[in-house]
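**Q** Chains as they are written, first to last, in the working numbering: chain U, 1 to 308; chain B, 1 to 217.
Hints are supplied without guarantee of correctness; some may be wrong.
[Said to hold, decoys possible] Cβ-Cβ distance ranges computed for the label pairs, FRET-style: (1) Ser-211(U) / Gly-31(B): 22 to 30 angstroms; (2) Gly-265(U) / Lys-204(B): 18 to 26 angstroms; (3) Asp-300(U) / Leu-153(B): 51 to 59 angstroms.
What the hints contain is simulated information worked out from the structure, not anything from laboratory work. Keep in mind the model is a prediction, meaning the values are calculated, not measured. The beta-carbon is built from N, C-alpha and C at its ideal position, and this holds for glycine as well.
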Amino acid sequence: MQMFEGLLGPEERAVYRLRRLYAEHGYSRYRMNKFEHYDLYARNKDFLVSDSVLTFTDAGGRLLALRPDVTLSIVKAYRGGEVMRVQYNENVYRPDPATGEYKEIMQSGVECLGPIGPAEQGEVLALAVLSLQQLGGQGVLTLSHQGLVQGLLKAASEDGDVRRQLLALIGQKNLGGLTDLCGKLGIQAQAVARLRLLTTASGDPRAVLCSLREAGVDGAALSELQALCEGLENQGYDANLRIDFSIGGDATYYDGVVFKGWLQGLPGIVLSGGRYDPLMRRMGKPQGAIGFAVYLDQLDRLSEEVQA
Amino acid sequence: MSMQPNQKTLNIALPKGRLGEKAYGLFERAGYGCPDILSGSRKLLFENQEKGVCYFWVKPSDAAIYVARGVADLGVCGKDILMEEAPDVYELLDLGIGRCRMDVAARKPFVDDPSRTLRVATKFPRVARQHYEAAGRDIDVIKLSGSIELAPLLNLSDVIVDIVETGTTLRENGLDSVETLFDISARLIAGKAAFQFKQPAIVKLAEALTAATTERA
Numbered sequence: 001m002q003m004f005e006g007l008l009g010p011e012e013r014a015v016y017r018l019r020r021l022y023a024e025h026g027y028s029r030y031r032m033n034k035f036e037h038y039d040l041y042a043r044n045k046d047f048l049v050s051d052s053v054l055t056f057t058d059a060g061g062r063l064l065a066l067r068p069d070v071t072l073s074i075v076k077a078y079r080g081g082e083v084m085r086v087q088y089n090e091n092v093y094r095p096d097p098a099t100g101e102y103k104e105i106m107q108s109g110v111e112c113l114g115p116i117g118p119a120e121q122g123e124v125l126a127l128a129v130l131s132l133q134q135l136g137g138q139g140v141l142t143l144s145h146q147g148l149v150q151g152l153l154k155a156a157s158e159d160g161d162v163r164r165q166l167l168a169l170i171g172q173k174n175l176g177g178l179t180d181l182c183g184k185l186g187i188q189a190q191a192v193a194r195l196r197l198l199t200t201a202s203g204d205p206r207a208v209l210c211s212l213r214e215a216g217v218d219g220a221a222l223s224e225l226q227a228l229c230e231g232l233e234n235q236g237y238d239a240n241l242r243i244d245f246s247i248g249g250d251a252t253y254y255d256g257v258v259f260k261g262w263l264q265g266l267p268g269i270v271l272s273g274g275r276y277d278p279l280m281r282r283m284g285k286p287q288g289a290i291g292f293a294v295y296l297d298q299l300d301r302l303s304e305e306v307q308a
Numbered sequence: 001m002s003m004q005p006n007q008k009t010l011n012i013a014l015p016k017g018r019l020g021e022k023a024y025g026l027f028e029r030a031g032y033g034c035p036d037i038l039s040g041s042r043k044l045l046f047e048n049q050e051k052g053v054c055y056f057w058v059k060p061s062d063a064a065i066y067v068a069r070g071v072a073d074l075g076v077c078g079k080d081i082l083m084e085e086a087p088d089v090y091e092l093l094d095l096g097i098g099r100c101r102m103d104v105a106a107r108k109p110f111v112d113d114p115s116r117t118l119r120v121a122t123k124f125p126r127v128a129r130q131h132y133e134a135a136g137r138d139i140d141v142i143k144l145s146g147s148i149e150l151a152p153l154l155n156l157s158d159v160i161v162d163i164v165e166t167g168t169t170l171r172e173n174g175l176d177s178v179e180t181l182f183d184i185s186a187r188l189i190a191g192k193a194a195f196q197f198k199q200p201a202i203v204k205l206a207e208a209l210t211a212a213t214t215e216r217a
């Protein structure tokens with residue numbers, strides 16, 4: 001390996017480093033078919049980053065797709081029983097949001113499915129931090145909790161459409177827009193104050209959690225988020241840890257902790273994951289699951305000295 | 001001065017023109033001035049190392065691209081462009097300048113005939129589509145780049161979806177506002193990645209701008 005390192009591009013180097021990291025933590029490689037039945041994506045369209053999927057018909061007349069996502073295939077393959085720890089490295093095919101043209105994106109990641117608890121959650125989050133370290137440069141891992149956000153949204157409105165609008169405004173950190181909409185809908189003052197806090201609270205986990213408690217927010221979701229942050233802190237992984245509720249995912253698929261990773265100098269997200277029990281249930285699996293993907297396509301934009 | 005935007009300073013994309021100059025006025029009042037910026041030179045990049053800011057002038061419709069792509073940490077961008085392009089950025093603050101609205105306008109008197117596809121001329125096809133889709137109205141979008149008011153006069157379109165400031169241009173061309181889709185003003189936008197790495201500096205600047213904006217109002 002040592003003798004080849006110099007020959008490898010940043011993307012390839014990252015692939016091998018991540019593969020070693022995940023193997024050291026007991027994640028076995030999962031190799032999948034290049035193609036997947038289109039049905040799988042049609043049924044779970046909202047889980048995908050984009051609606052568009054590259055499709056074609058095979059010799060038997062079945063509609064197949066070039067995989068836009070890996071998680072769905074792994075969930076489909078999970079047969080129940082013990083905790084399944086898998087890692088993958090696959091190309092996915094998605095349209096560029098700006099141009100609509102399809103792009104091949106190299107993606108590595110891990111999934112942990114089955115009867116999982118706090119220990120497995122902590123393990124996957126620690127792996128996310130370590131993954132960012134492997135990519136080089138200064139990384140930041142930002143956490144949110146879908147259960148916490150949805151809980152406060154439900155307290156504010158019973159209307160699913162309204163909650164989606166509010167969530168979008170929190171996602172944009174659009175405090176003015178959020179306040180206007182709450183005023184127009186006549187949402188109760190305490191709920192508004194908490195939603196405003198979700199929009200602005202950001203940064204050091206201790207400070208953010210503290211401000212939430214001061215605002216009278218409590219419950220299982222907040223305690224879980226706190227325990228996860230403390231767990232990472234105890235392992236010495238707290239240096240570049242943040243909480244920010246603007247990163248929340250889709251409630252149809254995520255219900256627990258969600259997280260995104262960034263690298264200094266790159267404009268896009270390089271790591272994305274979370275706890276996706278609702279997706280498991282949608283696909284007829286009663287167990288839990290958590291995982292993340294690392295997007296490797298931006299890595300060649302990092303400057304050379306950072307990668308070394 | 002280096003031409004490569006700095007890692008430590010806040011890089012800010014300002015829209016060229018009247019709106020950008022007004023916006024810069026707010027930044028200056030907030031304590032983030034850059035003395036030689038209004039010197040009338042053709043330079044596009046201005047840095048004030050002491051204040052930790054670097055401004056550059058960009059085409060107004062491009063400001064959000066600079067921010068979404070991470071070369072600018074912050075930018076000033078009209079709500080019209082944010083609605084049309086839906087860039088992946090944070091919208092931190094309404095700067096309260098460049099106020100106008102997005103309206104549907106038509107020749108008076110206007111009666112919509114729901115038995116026919118409505119022809120809509122606009123610079124904002126996404127905004128127009130979203131509005132009429134929500135209303136369940138079938139439309140034919142005609143994308144134009146300027147002189148939108150001409151379209152209904154030449155029977156190119158039934159209505160227009162366009163920015164209306166005072167309504168003078170509409171009136172002089174025998175057009176009238178039919179409905180307002182949303183109010184427009186300039187917004188302070190921030191890059192999502194930039195926010196993760198430079199949050200304290202960004203929040204401090206946004207707070208100073210809030211104070212400068214309120215003072216003005």
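**Q** Could you run down the list of hints and mark each one as holding or not?
**A** How the hints compare with the structure:
1. Ser-211(U) / Gly-31(B): 22 to 30 angstroms: holds, 26 angstroms
2. Gly-265(U) / Lys-204(B): 18 to 26 angstroms: holds, 22 angstroms
3. Asp-300(U) / Leu-153(B): 51 to 59 angstroms: holds, 52 angstroms
Figure legend: structure checked against the earlier numbered hints; every hint is met.
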